[in-house]
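Visitor: Residues per chain are reported as follows:
There are 4 protein chains.
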Amino acid sequence: MSQNYEKVERVTVPALEEILGKKFNILNDGFIRVVDYMGGDSSIVQAARVSYGAGTKKVSEDRGLIRYLLKHRHTTPFEMADLKLHVRVPMDAWRQWIRHRTASVNETSSRYSIVTDSTQTTNPNEWRSQAKDNKQGSGDYLPEDLGKKFSAEEEDIHKILFDSYNEKIDAGVAKEQARKDLPLCTYTEAYWKMDLHNLLNFLRLRMDSHAQKEIREYATVIGEEIVSKWVPHTWEAFNDYSLNSMHLSRMDKEALNLIVTGNYDKNSPEVREVFGVKPGKKSREHNEFISKLETLFD
Amino acid sequence: MSQNYEKVERVTVPALEEILGKKFNILNDGFIRVVDYMGGDSSIVQAARVSYGAGTKKVSEDRGLIRYLLKHRHTTPFEMADLKLHVRVPMDAWRQWIRHRTASVNETSSRYSIVTDSTQTTNPNEWRSQAKDNKQGSGDYLPEDLGKKFSAEEEDIHKILFDSYNEKIDAGVAKEQARKDLPLCTYTEAYWKMDLHNLLNFLRLRMDSHAQKEIREYATVIGEEIVSKWVPHTWEAFNDYSLNSMHLSRMDKEALNLIVTGNYDKNSPEVREVFGVKPGKKSREHNEFISKLETLFD
Amino acid sequence: MSQNYEKVERVTVPALEEILGKKFNILNDGFIRVVDYMGGDSSIVQAARVSYGAGTKKVSEDRGLIRYLLKHRHTTPFEMADLKLHVRVPMDAWRQWIRHRTASVNETSSRYSIVTDSTQTTNPNEWRSQAKDNKQGSGDYLPEDLGKKFSAEEEDIHKILFDSYNEKIDAGVAKEQARKDLPLCTYTEAYWKMDLHNLLNFLRLRMDSHAQKEIREYATVIGEEIVSKWVPHTWEAFNDYSLNSMHLSRMDKEALNLIVTGNYDKNSPEVREVFGVKPGKKSREHNEFISKLETLFD
Amino acid sequence: MSQNYEKVERVTVPALEEILGKKFNILNDGFIRVVDYMGGDSSIVQAARVSYGAGTKKVSEDRGLIRYLLKHRHTTPFEMADLKLHVRVPMDAWRQWIRHRTASVNETSSRYSIVTDSTQTTNPNEWRSQAKDNKQGSGDYLPEDLGKKFSAEEEDIHKILFDSYNEKIDAGVAKEQARKDLPLCTYTEAYWKMDLHNLLNFLRLRMDSHAQKEIREYATVIGEEIVSKWVPHTWEAFNDYSLNSMHLSRMDKEALNLIVTGNYDKNSPEVREVFGVKPGKKSREHNEFISKLETLFD
Numbered sequence: 403m404s405q406n407y408e409k410v411e412r413v414t415v416p417a418l419e420e421i422l423g424k425k426f427n428i429l430n431d432g433f434i435r436v437v438d439y440m441g442g443d444s445s446i447v448q449a450a451r452v453s454y455g456a457g458t459k460k461v462s463e464d465r466g467l468i469r470y471l472l473k474h475r476h477t478t479p480f481e482m483a484d485l486k487l488h489v490r491v492p493m494d495a496w497r498q499w500i501r502h503r504t505a506s507v508n509e510t511s512s513r514y515s516i517v518t519d520s521t522q523t524t525n526p527n528e529w530r531s532q533a534k535d536n537k538q539g540s541g542d543y544l545p546e547d548l549g550k551k552f553s554a555e556e557e558d559i560h561k562i563l564f565d566s567y568n569e570k571i572d573a574g575v576a577k578e579q580a581r582k583d584l585p586l587c588t589y590t591e592a593y594w595k596m597d598l599h600n601l602l603n604f605l606r607l608r609m610d611s612h613a614q615k616e617i618r619e620y621a622t623v624i625g626e627e628i629v630s631k632w633v634p635h636t637w638e639a640f641n642d643y644s645l646n647s648m649h650l651s652r653m654d655k656e657a658l659n660l661i662v663t664g665n666y667d668k669n670s671p672e673v674r675e676v677f678g679v680k681p682g683k684k685s686r687e688h689n690e691f692i693s694k695l696e697t698l699f700d
Numbered sequence: 403m404s405q406n407y408e409k410v411e412r413v414t415v416p417a418l419e420e421i422l423g424k425k426f427n428i429l430n431d432g433f434i435r436v437v438d439y440m441g442g443d444s445s446i447v448q449a450a451r452v453s454y455g456a457g458t459k460k461v462s463e464d465r466g467l468i469r470y471l472l473k474h475r476h477t478t479p480f481e482m483a484d485l486k487l488h489v490r491v492p493m494d495a496w497r498q499w500i501r502h503r504t505a506s507v508n509e510t511s512s513r514y515s516i517v518t519d520s521t522q523t524t525n526p527n528e529w530r531s532q533a534k535d536n537k538q539g540s541g542d543y544l545p546e547d548l549g550k551k552f553s554a555e556e557e558d559i560h561k562i563l564f565d566s567y568n569e570k571i572d573a574g575v576a577k578e579q580a581r582k583d584l585p586l587c588t589y590t591e592a593y594w595k596m597d598l599h600n601l602l603n604f605l606r607l608r609m610d611s612h613a614q615k616e617i618r619e620y621a622t623v624i625g626e627e628i629v630s631k632w633v634p635h636t637w638e639a640f641n642d643y644s645l646n647s648m649h650l651s652r653m654d655k656e657a658l659n660l661i662v663t664g665n666y667d668k669n670s671p672e673v674r675e676v677f678g679v680k681p682g683k684k685s686r687e688h689n690e691f692i693s694k695l696e697t698l699f700d
Numbered sequence: 403m404s405q406n407y408e409k410v411e412r413v414t415v416p417a418l419e420e421i422l423g424k425k426f427n428i429l430n431d432g433f434i435r436v437v438d439y440m441g442g443d444s445s446i447v448q449a450a451r452v453s454y455g456a457g458t459k460k461v462s463e464d465r466g467l468i469r470y471l472l473k474h475r476h477t478t479p480f481e482m483a484d485l486k487l488h489v490r491v492p493m494d495a496w497r498q499w500i501r502h503r504t505a506s507v508n509e510t511s512s513r514y515s516i517v518t519d520s521t522q523t524t525n526p527n528e529w530r531s532q533a534k535d536n537k538q539g540s541g542d543y544l545p546e547d548l549g550k551k552f553s554a555e556e557e558d559i560h561k562i563l564f565d566s567y568n569e570k571i572d573a574g575v576a577k578e579q580a581r582k583d584l585p586l587c588t589y590t591e592a593y594w595k596m597d598l599h600n601l602l603n604f605l606r607l608r609m610d611s612h613a614q615k616e617i618r619e620y621a622t623v624i625g626e627e628i629v630s631k632w633v634p635h636t637w638e639a640f641n642d643y644s645l646n647s648m649h650l651s652r653m654d655k656e657a658l659n660l661i662v663t664g665n666y667d668k669n670s671p672e673v674r675e676v677f678g679v680k681p682g683k684k685s686r687e688h689n690e691f692i693s694k695l696e697t698l699f700d
Numbered sequence: 403m404s405q406n407y408e409k410v411e412r413v414t415v416p417a418l419e420e421i422l423g424k425k426f427n428i429l430n431d432g433f434i435r436v437v438d439y440m441g442g443d444s445s446i447v448q449a450a451r452v453s454y455g456a457g458t459k460k461v462s463e464d465r466g467l468i469r470y471l472l473k474h475r476h477t478t479p480f481e482m483a484d485l486k487l488h489v490r491v492p493m494d495a496w497r498q499w500i501r502h503r504t505a506s507v508n509e510t511s512s513r514y515s516i517v518t519d520s521t522q523t524t525n526p527n528e529w530r531s532q533a534k535d536n537k538q539g540s541g542d543y544l545p546e547d548l549g550k551k552f553s554a555e556e557e558d559i560h561k562i563l564f565d566s567y568n569e570k571i572d573a574g575v576a577k578e579q580a581r582k583d584l585p586l587c588t589y590t591e592a593y594w595k596m597d598l599h600n601l602l603n604f605l606r607l608r609m610d611s612h613a614q615k616e617i618r619e620y621a622t623v624i625g626e627e628i629v630s631k632w633v634p635h636t637w638e639a640f641n642d643y644s645l646n647s648m649h650l651s652r653m654d655k656e657a658l659n660l661i662v663t664g665n666y667d668k669n670s671p672e673v674r675e676v677f678g679v680k681p682g683k684k685s686r687e688h689n690e691f692i693s694k695l696e697t698l699f700d
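Protein chains in written order, with my numbering: chain X, 403 to 700; chain P, 403 to 700; chain W, 403 to 700; chain V, 403 to 700.
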């Protein structure tokens, strides 16, 4: 190991440099901006190759290595790249966001600063119904005349709340107490830093169709507008091995095997038994299997 | 190392067992309950002793060892005990709470469940003024007649917001969207688990006089009513080496040395120079030093 | 939410209580013992149910809920149970073990204590060849006469190294320096605590056939002898949804679809093209797909 | 908040750019090189200021703000800067290093690659005696004639071990098994990334006089040669508020108060009683207090 280490340059990604500081607008008054970053696809490769020792030849192209690492969940090299964002997000979406504990965060303090009158507002055609098949999600949009009523009400409420807030501030109430009746949809701002491995986890969960629409819009911009430019090989691999992949449980495998080798129908008693579905009953897991089958066999 | 390991029993702390499940009421409608725990003072000692190897004699009593560990910031043995709480907390205090990233958390989902009409309310004599010396804290209570006005307003606001919420729920708006205009002071519930090392950090920050009054009330109950019973030696040591301790910076040490060896006055140019205070100017750091002096010399 | 919280009892798991402290022997002189634990299957259910709010009815049986959570990667409830082990492990296996950063650890200090002469030894029939298809694994056992030579050499080496170590200790060399030439296979001991979510991750990686045999033996005992007794529903679900599951990439799905809907052969140009395999070339990813097919279609 | 966000540039630190890739030699064959970094002193300020909201004026100069943050343990802004190192370290020092769990790490795999014959060697004048006052540290150097003997023995041992290792590799033993008898002082390499907040913790512990000499040499180079150039304001503040600071316990404060207000001697029964020292006995804590007094009063 007598090699002489030469001066190196920081890893730079021109496609990301171009959008540094650019404001991506989200919802009525939110945004995301890239503030800084460290590394790129080549940093992942660099870190992975140290595992093979200094004397190892370049066994594969960068793209191939990144795909191999991501496929086989060799996650540590993806921790070697970092992204720092400046975001403005409604507090109720921020509550979901902040549950990702591996981030570094500095949020605007409403104990220290007066809260700006900026809230997430809803157009009359944007009120969503409760999902029927899902206790936590949204379904179709509600009729617009109902929406008109709620949007008008929303405007009134925000006015009442911020008038009350400002009145308290003017009367000398402590900022940390005056904020208590502001609505959950008040915007907050933060600097937020995360490494790429954990960011992909964030995106997998928050770009998912089960995530709430609001945070999904942020996650989609981070993925499609930012990560795709920053680490294009990783982004492609993440789409192929995670976003567009499918997981088969032991039962899924057994049922699939019955179907292709034994010519059983997807609803046959034998297949249903694999999932423990009793005669005349329904089973969420069996239904989920049938959906997977349709994807594979159509 | 041929010793034969005998069956062991779980570490049990009778004083904590007595209050398992007991509801400590906090604020107008919040609470804390201990749900489960692992270990106690003896677990800390047990883990620390493995560091000395199987052959080492018991060099000190448990209390002495715990004090030594805490004094010298040997923090890992304190990770060997866990506390699990069930809490009900206003969401704006919860926002501060959740910033402690080393916890395990399951919070009630307002995407999944209807939000109960429970909010933090403020008595007329509990409205606090903005602190004068501190941009983020509270000062004295405001006059009660002003408080009466704000408390009445608060009641009206909560009624408006929950009426609107319930109206939307009844009209079929998705729960995840209907909640957006609820106030930050709405109560939420969670199961929250943390190891003792990180819990002491939480308490150091949240029992501090600079913490917001609301979260300070929770932290004080956790410390004084729960941790004190669970791990009494650790709690005593934490008081002696952390809560009631003092930190002297390089400048504090130099200034103190000038005063005791050179008979300089605390305001003398020589002392002020240590802190880089220019003539005729004030300096927060110099003032903080004088406060420390008063504690030590009075 | 006016319910009155009654005194609760700690979650206790009788099947685990029975083996508390019991030494599971591993390798020639290693072991694992359960020292303490918090929670069990019922703690996972308890934490998950807080997410549905106090008023929600029991929508499913415990086993079904645990399976649902694990299938859909709702991971936080699994953080609510903890396991604490006392282990003795060769240092080179410990190096892999300690890479799991979410554990709490207290390891015997060889700066503080004399290192006991306990090393991992290898029987003549246990020397493994380098894997042919895998740069980092082991293949078949080497011939026993070669093994005899290496085992004898191993014994000599350990004697030389511990004689030298003890000679240095006797001559007054600092323990922290004297240990420097001890072999990587020297046993170390530790208390090691991890929550169940992270423990399942540990088991997924370390019970895998690609993990080194030594750590795999430890992981297998933790899984099959301990976790299976502690949280039987979780263990069953983990087997069904993780250990015995299969992941299909976008390419796997497309190739499978070609085969079942278009009657393409698994080696046909169309299938190969999905994986980007050039004519006359081999591709690891294509081969891995064929292995999956064999599992599904046999 | 109508401000228009302009394109920004990455934070760049010219003094650190100058030493990117430069090899700092440590011990006989170790090194540290900076591979990449994100941010600098200005990133800490930038993140802290978001806490004060967009409308807040620049209330203090950067240096003052950084000192304020570090003094008052506002730690999150220091997470906003990252350092990535390439290191070569003896495995027994690496075992201490890797205990810092907040790092991202890719280490050379000796399952995958042949281990290079590079070990930490000791000159005849570098053998250290066991510390007398400290069960885990080193004291004076041993006589050089004794050192000569040990250094010669060390050379022999390393030859035996690497001859045996290479013999096994040549005979086809799996790399993951052949390495088992290599000495703990074998060098390993890694890419290692950590944020500045956690790096300062690492430095506080590993630059300390109680840390083992080997890791202390690495930590000192990281601190004095790298961090000092990268974030000079933070480094200065870290020296003033951490490295050169002093912590007074409740007992220290009480004893100090007795001495300065009551003219008690440092050994008087009243002072000793504060520390619970019984007549005719010694107490480590009392001795540590006397050392502090000497620092303050000399």
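A couple of the hints might just be wrong.
A pair holds if it fits inside one copy or across any two, identical chains being indistinguishable in the list.
[Stated by the list, open to error] Cross-link-like lysine-lysine pairs, in silico, BS3-like; alpha carbons within 25 Å at most:
(1) 615 with 534
(2) 615 with 473
(3) 473 with 534
(4) 534 with 631
(5) 683 with 424
(6) 655 with 561
(7) 409 with 680
For the record, the hints were derived by calculation from the structure and aren't laboratory data. Here the structure is a predicted model, which is why all the values come from computation and not from measurement.
Visitor: All hints are to be evaluated individually against the structure, with a verdict given for each.
Guide: Evaluated hints:
1. 615 with 534: For residue 615 and residue 534, only the intra-copy Cα distance (16 Å) is at most 25 Å; the inter-copy one is 42 Å.
2. 615 with 473: between (28 Å within a copy, 23 Å between copies)
3. 473 with 534: Cα proximity of residue 473 and residue 534: across copies only (21 Å, versus 35 Å in one copy).
4. 534 with 631: Neither: 37 Å inside a copy, 38 Å across copies.
5. 683 with 424: Neither: 54 Å inside a chain and 42 Å across chains, both beyond 25 Å.
6. 655 with 561: This pair counts as neither: shortest intra-copy Cα distance 56 Å, inter-copy 52 Å.
7. 409 with 680: neither (68 Å within a copy, 39 Å between copies)
In terms of the numbered hints stated before, the structure departs from hints 4, 5, 6, 7, listed from lowest to highest.
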